[in-house]
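Position chain B against the provided structure of chain A, taking the given hints into account.
Each protein sequence line maps, in turn, to chains A and B. Note that our numbering has the first sequence beginning at 1, numbered continuously upward. Note that our numbering has the second sequence beginning at 1001, numbered continuously upward.
Please keep in mind that the hints were generated in silico from the structure rather than gathered at the bench. All residues carry an ideal CB built from backbone N, CA and C; glycine is no exception. One thing to keep in mind: the hints can contain errors.
Non-contacting residues of chain B with respect to chain A, defined by C-beta distances greater than 10 Å in every case (computed) [claimed, not checked]:
1. Ala1011
2. Val1017
3. Phe1021
4. Pro1052
5. Arg1057
6. Tyr1058
7. Arg1064
8. Ser1066
9. Ala1077
10. Asp1078
11. Ala1085
12. Asn1091
13. Leu1093
14. Thr1094
15. Leu1102
16. Val1103
No more than 30 Å apart at the CA atoms, straight line, and that leaves these computed lysine-lysine pairs for DSSO-like [as the list claims (entries may be wrong)]:
17. A/Lys42 x A/Lys78
18. B/Lys1051 x A/Lys42
19. A/Lys83 x B/Lys1051
20. B/Lys1104 x A/Lys57
21. A/Lys83 x A/Lys57
Stretch-level coverage of chain B by chain A, calculated; a stretch enters the list once three of its residues show a Cβ under 8 Å from a Cβ in chain A [what the hints assert, rightly or not]:
22. 1038–1048
23. 1095–1101
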Amino acid sequence: EPEVTQTPSHQVTQMGQEVILRCVPISNHLYFYWYRQILGQKVEFLVSFYNNEISEKSEIFDDQFSVERPDGSNFTLKIRSTKLEDSAMYFCASTSTGGDYGYTFGSGTRLTVV
Amino acid sequence: KDQVFQPSTVASSEGAVVEIFCNHSVSNAYNFFWYLHFPGCAPRLLVKGSKPSQQGRYNMTYERFSSSLLILQVREADAAVYYCACGAAGNKLTFGGGTRVLVKP
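In isolation and in its complexed conformation, chain B is listed as follows:
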């Protein structure tokens, strides 16, 4: 069955690096997409691809069946739900269950 796995919660302290791990069993999927979601708002694409990538404070590692999102110098305002999704060219995205990031001041 096509599935994407990620932890339900990750807790960290302000200023630290937060790492969220994701792996999948989605047939033919080779791209990862990491979204940030604040309740009531549109999920926002942070970083994506089929190779390691960085966008600002967001780093994405890449292996064929797994990826990690690293949030550098995490702030209280980064507390939200982060979704990992996988897809292949032309195909739909399959989402993980989301990881709630908690940030202690």
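Chain A extracted, bound-state conformation:
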């Protein structure tokens, strides 16, 4: 069964550093998403991406965040200057349609900012 792959599974970074979280969506999928889950809290929407541009973003997705699909297979989330409160599990997801069939999720990257 096709999978969404996320790397790394766990990243520790110092406050103020830049991090890039990587995702390889399912190859024929067209819509891509990043969600995050702070420990003990809800899964929160960050951003959706379609046709090489952001289609929707949440209030959380401020100027410190950016997404890119640099080579047609990878889908990356960059946090420019990490804060302690960015510590969370970050999930990538993809779907072939606009969500009617649900997403396929990756297993997540746990980001720890120290």
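Only chain B this time, still in chain A's reference frame:
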């Protein structure tokens, strides 16, 4: 505010039917999606749609603003976190806080 509500914990005994209720206040959302999540793994879609649906031991009831996931003949291995999510065509999914299912042998 767009929100999805589900209980934080449901406990059951092995072999019973577990029901997890979910309701929402998400604008224009009419689809429900139920995910199973084991820590460290990818959340897995169990059942979805805008009508009652069944996939194996998983049943989904449907009303416009609420849905229940029923897990038939629950086993210890079903102990995990179950997420309810809502969405509309072309839109993002909004997730509930997750329900931890506890199964007593």
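Evaluation of the provided hints:
1. Every Cβ of chain A is farther than 10 Å from the Cβ of alanine 1011 of chain B; the closest lies at roughly 19 Å, confirming the non-interface assignment.
2. Its beta-carbon lying about 23 Å from the closest one in chain A, valine 1017 of chain B satisfies the requirement of being farther than 10 Å from that chain.
3. Remark: the non-interface label on phenylalanine 1021 of chain B is consistent with the geometry, its nearest Cβ contact in chain A lying 17 Å away (cut-off 10 Å).
4. Listed as outside the interface, proline 1052 of chain B is consistent with that label: its C-beta sits roughly 16 Å from the nearest C-beta of chain A, beyond the 10 Å cut-off.
5. With a minimum CB-CB distance of about 18 Å to chain A, arginine 1057 of chain B clears the 10 Å threshold, and the non-interface call stands.
6. No Cβ of chain A comes within 10 Å of the Cβ of tyrosine 1058 of chain B; the nearest lies about 13 Å off, and the non-interface call holds.
7. With a cut of 10 Å on Cβ distances, arginine 1064 of chain B stays outside the contact zone with chain A, its closest approach being about 17 Å.
8. Non-interface call for serine 1066 of chain B relative to chain A: holds, since the shortest CB-CB distance, roughly 18 Å, exceeds 10 Å.
9. The beta carbon of alanine 1077 of chain B sits about 18 Å from the closest Cβ of chain A, which is more than 10 Å, so the claim that it is off the interface holds.
10. Every CB of chain A is more than 10 Å from the CB of aspartate 1078 of chain B (nearest about 19 Å), matching its label as outside the interface.
11. Not every CB of chain A is more than 10 Å from the CB of alanine 1085 of chain B (nearest about 8 Å), against its label as outside the interface.
12. The Cβ of asparagine 1091 of chain B sits about 6 Å from the closest Cβ of chain A, inside the 10 Å cut-off, so the non-interface label is violated.
13. At the 10 Å boundary, the C-beta of leucine 1093 of chain B falls inside the reach of chain A, the nearest C-beta of that chain being 6 Å off.
14. Remark: the non-interface label on threonine 1094 of chain B conflicts with the geometry, its nearest Cβ contact in chain A lying 7 Å away (cut-off 10 Å).
15. With a cut of 10 Å on Cβ distances, leucine 1102 of chain B stays outside the contact zone with chain A, its closest approach being about 17 Å.
16. Against the 10 Å criterion, valine 1103 of chain B stays outside the reach of chain A, whose nearest CB is about 22 Å from its own CB.
17. At roughly 21 Å between alpha-carbon atoms, lysine 42 of chain A and lysine 78 of chain A fall within 30 Å of each other, so this suggested pair holds.
18. For the given pair, lysine 1051 of chain B sits about 25 Å from lysine 42 of chain A by alpha-carbon distance, which is consistent with the 30 Å threshold.
19. In summary, the hint linking lysine 83 of chain A to lysine 1051 of chain B is not supported, as the alpha carbons are separated by about 43 Å, beyond the 30 Å threshold.
20. Annotation: proposed proximity of lysine 1104 of chain B to lysine 57 of chain A is violated, straight-line Cα distance about 41 Å (limit 30 Å).
21. Of the supplied pair hints, the one linking lysine 83 of chain A and lysine 57 of chain A holds, its CA atoms being roughly 19 Å apart against a limit of 30 Å.
22. With 7 residues bearing a CB less than 8 Å from a CB of chain A, the stretch 1038–1048 of chain B meets the requirement of three and the coverage assertion stands.
23. Under the rule that three or more residues need a Cβ within less than 8 Å of chain A, the assignment of the stretch 1095–1101 of chain B holds, with 4 such residues.
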